[in-house]
Each structure stands twice: as C-alpha cells, then as structure tokens.
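Peer 1: This is what each chain is made of:
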Amino acid sequence: MKVNILKEAAKYFVKPATVPFPAVQPHFPKKFRGPPRYDPETCIGCGACAHVCPSDAITVTTKDGKKILEVWFGKCTFCARCEEACPVDSIKLMEIYSTPSPNKFDFVSRVEHDMVKCRICGKYFATVKHVEWIIKNVREKMGETVSISELKNYLMTCPECRHKVENVPSFRKLLMRVLVKEVK
Amino acid sequence: MCGLLCKLAAWARKKSPWIFHLPAGGLCNGCDIEIVAALTPRYDVERFGILLAPSPKHADILVVAGQVTKHTKERLLRVYQQVPEPKAVVAVGSCAISGNVFGTENYPLAGTVDQFIPVDVYVPGCPPKPEAIILGIVEAIKKLEGETRKS
Amino acid sequence: MVAQLLLIIGLLVYPGFVFSILYGGILIWIYRKIRARMQGRRGPPWYQTYADIMKLLSKETIIPRNAWRVGFIGAPIISIVSLATAMLLIPIWSSKPLLGFVGDTIVLLYLLTVPTFAIILAGISSNSPYGIVGASREASLLVWYELPFWFSIATILILTGTLSVEKIVSIQATLGPNIIRAPLAFIAFIIAAQAKLAKRPFDIPHAETEIVAGPYTEYSGVLRGFFEINEALKWLTISSVTATFFLGWPITGNPVFNALLFMVKVALFAIIFAVIDIINPRFRIEQAHWPLWKVALIIALIDLVRILAGIGV
Amino acid sequence: MGMCSRKVYSVPVGPYHPALEEMAFYKVYVEGERIVDALIKPGFNHRGIEKLAMKRSYRRNVQLFERVCGICSAAHTTAYCVAVERCLKIDVPKRAQYIRAVQAEANRIHSHLLWFGVAMHVIGFDTLFMHSWAIREDILDVVETLTGNRVNYSVNTIGGVRRDITPEMGKYILEKLNKVEKGTKYLIRAVKEDLTIKARTKEVGVLTKEEARKYCDVGPTARASGIEEDVRRADPHINYEDFDFEVCVEDTCDVYARIMVRLREALESIKIVRQAIKNLPKGPLMAELTVPRPNEDIGRTEAPRGELIYYIKSNYTNVPERVKLRTPTFVNLPSTKPMLIGDKLADAPQIIVSIDPCLSCNDRVIIIDVRTGKEKTMLLDEIIRRKGKVW
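Residue numbers (this note's numbering), protein chains in the order written: chain A, 59 to 242; chain B, 2 to 152; chain C, 72 to 384; chain D, 968 to 1358.
Since the hints were derived computationally from the structure, they do not count as laboratory data. Glycine included, every Cβ here is placed at the ideal spot set by N, Cα and C. Hints may contain errors.
As a list, the in silico DSS-like pairs of lysine-lysine whose alpha-carbon atoms are at most 25 Å apart [claimed, not checked]:
1. D:LYS1311 <-> A:LYS88
2. D:LYS1249 <-> A:LYS88
3. C:LYS167 <-> C:LYS104
4. D:LYS1311 <-> D:LYS1181
5. A:LYS162 <-> B:LYS71
6. A:LYS65 <-> D:LYS1146
7. D:LYS1159 <-> A:LYS65
8. B:LYS71 <-> D:LYS994
9. D:LYS1311 <-> A:LYS69
Simulated restraints, written as ranges between beta carbons of each label pair [unchecked claim]:
10. B:GLU75 <-> D:GLU1288: 56 to 66 Å
11. A:LYS88 <-> D:ASN1206: 20 to 30 Å
12. A:ALA143 <-> D:PRO1248: 20 to 30 Å
13. A:ALA143 <-> D:PRO1203: 30 to 40 Å
14. A:VAL82 <-> B:LEU6: 29 to 39 Å
15. C:ALA210 <-> D:ASN1206: 29 to 39 Å
16. B:GLU75 <-> D:ARG1289: 48 to 58 Å
17. A:ALA81 <-> D:THR1133: 23 to 33 Å
18. D:ASP1218 <-> C:LEU234: 21 to 31 Å
19. D:GLU1195 <-> C:ALA210: 26 to 36 Å
Work the whole structure out from these sequences, hints included.
Peer 2: Right, here's the structure in full:
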C-alpha cells in the first residue's frame, strides 16, 4: 500500500539529499548570472550598458568633469544584457551569488571617468577613455587615411558643436575622406 | 542570574528563528518559490532550526518578497504588527529592495518595503539563490541576538 | 518528612515536570529528525526543542483584544498540569508508579482527555475563526477517537482483571506483554493514540494549510511556548501509556535499568507514531471516522469479545 | 446569501494564508463545513505590467514579461517573442526554436513538479512534497546550466535566443533528465498506490466537461476534464510539430485527474527535451531583425498552466503601441467556483490549488465581483481564443 514511498524514504534516510551548505560552497555553472561588476581598468564609459538595462539599474551621472557609471544590483534583473552590449567586455556578471547586507546601497559597483572638454564650447561631453578607444579603433580600420590631430579635433567636439553651421565644412571633409576610403 | 538567563535567551533565539514568509504584492513568485525551496531537501533550513511558521504571531523573522502594492499596503503593516518582539525583517529579491523592472512610479505600486516597515537585511538577486536567502536569515539572526544583549 | 520531600522532588523533577519536559523534548526531536531524514533532509540538532521553547518563553506575548483572557491564558496551563500529573501515575523504575492507588487507570485516562478540552478552550477563547473551526474539529475528533481508545484499554483491563496500573504492569511481567496477548487491541490503540496526538493522518485540528494553526493561531510568545511544552508532554505521556499498557514487560530488580528500558520503549512507540505521521496525508474531517470507528473500534471490539469469550487468553 | 435560512459563516482564505503561496483573497461561505458560495478577489499583485510595456522598447520588454510570473517565465517570454516575431515578420532560425523548446519544456517539468509538491502539501502530505521538490532540484540544475539562473531564464529574445546548448551541456542535461524521469515515475507510483491521497482527491472539486467548456478552461485543468486541447498541437509555435509527444487527457474531472495529468505531462516533456537535444539542428541563434511597421499579431504558447496569449500592436517606433496578455490562470480562476460549491471547507485549499493558480500572472485586471457578469467576461475571451485577428 505504501511500499514505494517507504522505499524512497528509506533510501533518503540512509543518504539525505541535503548539501552541507555553509561547509560546501554551492555549485555555480559556467556563465552563472551573478551580480554585475565593472572592471575599472577596461571600462571606457560609453554608457551602452545603461542604454540596454531593462530595469534602469545602471545609472550614468556626470558631475564636475567626472562621469560616474554605477550599477546597483539591488535593482538588477541579472539578465546579462549589459555584458552582451559592452563593447570592451568590461562589465561582467560574476559567477557568485550576491551576499546579503543590512545596507541596500552596498550592492553597488561603480567606475569613475575623467571627461573631455569640448574643443569649442568647453562643455564636458565624453570620457577620455572613450575618445581614446574610438581613435584606436578608427586608426586600426583606417590606417593613415586620417591624421590623429584631425580625428582628435573631430572627436573632441561635442555633438551640438558638430552640428553648428560654422563647424560643418571641416568635419564634412573628414567624413568624405573616410567614406571614399570605405568605397575603395 | 539575569546574565545567565539573557545568555540563554540569546542562544535560544540564535538557534530557533522561525520565519514567516510574506509575499508583499508586486512580485513574480520567483522569490517565493526560492524561499520555499530553501526549506526543501537540498537546502533544508530546518538543520539550523529555521521553521516556517504558519502564523505571523509565531514568527521571529519576517521574510518579505516583492514590492508593496496599494492593495497589500495595509495588510503588510498589519502582519508586521502581529509579529511579537523581538523581530527582524529580511527583504528578499530585487523587487523588495528597489522595485526591479516594475519601477516605483507605476500606478498600482505603493513603494518598496523599506518605506513601510523597517528592513534589517537585504538579499539581492532576481531571485536570490536559496543559499543567499539562508545567509540573509543568518544575518537577521545576528540582529536578533544583538537586541537581546542590549536589553 | 523525607517521604514528603521525595514526593515533592518526584512531582517537580523526576518523573514529574522537569524530566517530562526534557525527555518529551527529545521525543519531539526524534520525531522531527526522523521526519527530516525520511523526507531526504538532515533535520534539526538534538537541542532544537529546548531552543524553541526557551525562545518562545523569552518573547513578547500578544493577547488579542477580543479574546476571553481567562480561558486564553488558562488553557495551556491546564493542559500542562494534567499531563504532568498523568506522568506521576505511570511506573518508570519499577512496576510501582509514584502515586499509585487502586483504580488509577481511570484517573490516568481522564487526565489524558483533559488536554483535548484545553485545546478546545484555547480555540474558542481566542475568538478567531481559525481557532473556532480548529476547536470544533478537535471536538468532533474527540468523539471519534475516545471510543476505540477506551475500548482497547477496556480489553486490557478485562484481560488483566484489574484497574490498577501497577497490577497491569506486574501481570505483564509474568504472563508476557499485552501486545502479544491482545494484538488487535494494540493496533486499535495505536490508531486512536495517533488521533489523540493529533498527528497525521489525524492532524485535522491544526491543519496548517486549511486553518493556519487551528487553536494555536492566536497564541504567541510565552503562551505559545507553553503549548510547545504541552506538545512535548503529550508525546511523552501517550507513548508512556502505550509502553505501560502494552509492553510492560520485562521488569527487573534494577531500578536504573528499568528506567532506561522504559525510556527506550517510549522512544520506540514515539518512532512508530512518527513513521505513521510521515507516510500519511491528512484525512478530511468526516473521513477520519472510518479508520477510527470502522477499523479501530471494530478490531478493538473483536479483541474484547474474544477475551470475554476466553478464546486464546 | 439571503435565501439561506441557516447561519452561513464566511471564512477568508488568503491573501496571507499558508495554503496559498499566491496572493488572492477567497471568501468562502460555509454552512457547517459545506461550502455554499465563494467570492474570489484577486488584484493584490497588480503591477500594471501592460502599461509599463507600452513605455519600453521591444527588447527591454522581454525582461519585463519574464517577471510577469517567475514560475512560467519561459512560457511568457516565448509567447511574447513569438508575438513580436510574427508582428515584425522575423524568421527565427530553427536551432533557436529548438533551444526555446528545450527551456520551455524544462520549465514545464519544474512547474509541474512544483505544483505537485504544493498540492501534496495542501492535503498534508509533506513527505511527498519534499520528495517532489528534491526531484525538482535536478531539473533546476539543468535550467541553471542552460541559462545561468534558477528561475528567470533570460534566454529568449526577439529574433532568437541568447544562449547556446553545447554538446557537453546536452550530455549533462540528458544525465539529469534520467534522474528526473525516475523520480517522476516514482511520484506517479506513489500517488497511484496511496489510498489516502485518493480519498482526499477523488471526486473532489469536480468540473464536468460541459462546465469546463462553459468556463473556457485551458491547459491541464481542461485536459483533466476530458477536453483534448493543447496549443503545442493546435498551433506549433516553436517547431513542436517536429516532436513526438502525447496530449495527456483524464476523464475523471476531479483533483486526482489534475494531479495525474500534470505528472504524465512532465514525463511527456522529458521526452520532448530528449528529442530536441538529440536532433538539435545546426545554424545561427539569432535572426536578422526588421524595422517595425504598423501591424498586429498574436503569439500563443502552452504555458504550464494552459494557453497563454500575447497580443502585440506595433507602429513605426521601437516601442509596442499595445500589449495585451491573457494568462491561463485568468481563465481558470472563475471555474474554481463551481468546483468549490458543494464541497467541504477542508477541501477548499486543494481545489483552489488544483487549477495551479499563478496569480502573479493573473493580476493585471482587478475583478471585484465574480458572481455577476462572469459569463460576459468569458465570452469576450472566447472571441480571443479563435485564431486570427479579431480586433
């Protein structure tokens, strides 16, 4: 009548299914989605992670020439979309669980970046590392077609100034040259 | 004499924390099932003396999951008042901490748990692994123990 | 003077209050541990029940505003006192209990019924719907389990031809345990005792998933702790009564050995109750009458008739 | 209630009730122990998800809809992605569809075992509850290696999936599945042999075939009432036509039938996962995305609880103009009332649980009074069920 359950119970009686947890650390499979962390070395401060974050857990604040990227995994969905979006693989979901804490603002990983001033209007608009990264990538793709100084001139101009009438011709020249190179 | 009794009480509180599981609304049940999973064979919190109390009146630790909706606000407060002193509150999951994807501005939501009742420990995760929930409860026990020492 | 002092020690320490709580705590632990292991878990450490009781005793007690205070506070105390008194009527170190007299069986069995009424009182005086439903379920269960319980005991009384606990034990020591002489009555008693303990399949009065914790729902802090003590005493007394009435054999001359043997027997019956609890789901309230009346009562009656007719005695 | 001359008590069940992990408020009117009427009031978990979805881009919505319900998260994202893909005319590669099928079925196994455990807990059988959850841990291990989280999978995305199944993973999954299969078979044997479970569940909460049709039940609840319907058969949204499986139907219409249907379905799901991993086609994981145009379409999937429908209306923007969900619990919940009436109070929790109420899915619409206007609501849903566009 109760044969099966007694058999199973006897099996468990001899060998419980419990993992002795505090002594044995739990098993984390590869690519487990734990709390996200920034690598301040590689992060370029582009803000792609904040753009794709479904729960707005990643915030970007600019203040006094500093750009602060902050991921508060108290709000995180642990979906790893930031990891996917990151162009330099800087934000990573750790393969650990997040440890509890009495302060909810402990669950933060942040990076700070110096920003670049606009060549023309003097406003802060992008991080130094971002500009460097773009220059590096463009140089890799383009070779010597564009000179560094020209590229820097372009990249150190904030989007608003780029669109101003008096600045347009010089930038257009640069873009034309890039396009011609592409077609070739 | 009181010293001994207090020590005994502190020990007892450490060894027998009863939890009451309270879904506070605005949640996806993910945290709920992970809290229940912590009771089941693989994790088995009973070996630490943790028991799921059927009524808030028997509990020491309130394990809250999810965000507070306008419907559940009063009930949350009522359940919190029913827990006898000393008590601790553990907020489990991203929703309980900050609202997660649901945000805090949406019309049916009243706010996060800590806006209504004092929360002692936060367990991040969406949902947290049962191990993390156990660690969170352990953290809350420390708070209970400390309170006994003080009084 | 010395005798009175010994009596007081007996009442309070051994085999009275302190011993009962300590050993009852161990029995609860045995139950919880076996339950955990059979469910595939590891289970609590041995001191768990004591920690639970001590913690509850150190907590704030909330008495609901619309509860009847006297009944609410009195119920657990009545229950504890009656169960602790019942322990004094049970022989532990020899065949003679601490407070034995002629006809003490009847008193013992009545004392075992008191906790049920205390729980009904607790349920009703707490004045919550869950408590009242729990109390009504406890009452209807009482009607069903008392009859097989008393009939199976009656079988033993007729078999041994005495009303004294001491005699029942000493007769068993010479003629062999009643578990062999009246096996059907034993089965009936186990079923009824399971209901008396309110363990599965008869844990209907405090069915967690239906009526929260039944009569205990409104209790908190110290009073809830009293009910935890009550639970420990219940395990101990009911297992002890089973051991006394059905396995009162063997009795040796060495009191220490006897006491240890008694404790082993009690633990054995506690394990039987625990295993029945673990492998069964809960009955619905009106379904509970068929194992109690259609099975337990009938087999108890069969044994009773058999013994009255003198077959195989 | 006026016509009852004898005293009728109302017993609240929920929202903070140990039997209901979920948050719904049931007011059950009892006469003695017999239930004469029931009032269902969901809405405690209302989060305004549809409103939120209309503010976010298609891809960010995936994570939002995953959190409609944590137990059937795979089904929700699948249905949403299928709806968006149909709406935006995206062809999803076959490998992605197979991976979706694997995680959807793993999700179903975990959900059914979870439900079985809860159902056993409700009738007081904690041992089987623990055993079934112990077995469930194995399938959660599968899910964890597959997706990186135990509950919210985040694998589906518009146009494909984000995670691949490597051969080692496939081997590990098959190994674990053997354990799960053994465990599920044990559970079926344990239920079949146990007289007490039968006493508690047979002829309890009966929902006849006619009533099930009338209330438009879906999923295992309908199948337990003898209605053979399964979206996986009717509308093979993610290549279900490639797999060989059986639609489990029971005709006793009671709680016992619902238990058996779900346990047997878990075995069928194991079969599907095995087939999918064995015949996993090669190819890309993501399709090329298209530009949104004004369109509307429906995505359906067989969630663990029944048919789940997502309706999407798109415009030229990156944000859906309208999203509408219809979850299985929303359809099944009113049918608990005919199940409840006439039964005992002691059976109320297990009847309510027997439809597998996942109220976190359900609570986007607040129903205040179910006793009036119920049929009307259901008729509207009956229109939704017909395949095609009705708006």
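Peer 1: Holds or violated: C:LYS167 with C:LYS104, Cα cutoff 25 Å?
Peer 2: 33 Å, violated
Peer 1: Could you check the hint for me, namely that C:ALA210 and D:ASN1206 are 29 to 39 Å apart, CB to CB?
Peer 2: Cβ of C:ALA210 to Cβ of D:ASN1206: about 60 Å, so the range 29 to 39 Å is violated.
Peer 1: Evaluate the given range 48 to 58 Å for the C-beta pair formed by B:GLU75 and D:ARG1289.
Peer 2: Given about 33 Å between the Cβ atoms, the range is violated.
Peer 1: Given the hinted pair D:LYS1311 and A:LYS88, is their alpha-carbon gap at most 25 Å?
Peer 2: 50 Å, violated
Peer 1: Return holds or violated for the Cβ distance of B:GLU75 and D:GLU1288 against the range 56 to 66 Å.
Peer 2: 36 Å, violated
Peer 1: Would the hint linking A:LYS162 and B:LYS71 be met if the CA-CA limit is 25 Å?
Peer 2: 23 Å, holds
Peer 1: Does B:LYS71 pair with D:LYS994 here, judged by a C-alpha cut-off of 25 Å?
Peer 2: It holds: about 20 Å lies between the C-alpha atoms, which stays within 25 Å.
Peer 1: CA of D:LYS1249 to CA of A:LYS88, is that 25 Å or under?
Peer 2: At roughly 22 Å apart (the allowed maximum being 25 Å), A:LYS88 and D:LYS1249 satisfy the hint.
Peer 1: Within 25 Å, alpha carbon to alpha carbon, are D:LYS1159 and A:LYS65?
Peer 2: With Cα atoms ~15 Å apart, D:LYS1159 and A:LYS65 stay inside 25 Å; holds.
Peer 1: Does A:LYS69 sit within 25 Å of D:LYS1311, going by the straight-line distance between their CA atoms?
Peer 2: Between D:LYS1311 and A:LYS69 the Cα gap is close to 36 Å, so the pair fails against 25 Å, i.e. violated.
Peer 1: Using the C-beta atoms of A:VAL82 and B:LEU6, is the stated range 29 to 39 Å upheld?
Peer 2: 36 Å, holds
Peer 1: Are D:ASP1218 and C:LEU234 spaced within 21 to 31 Å by their CB atoms?
Peer 2: 58 Å, violated
Of the numbered hints listed earlier, those contradicted by the structure are 1, 3, 9, 10, 15, 16, 18 and 19.
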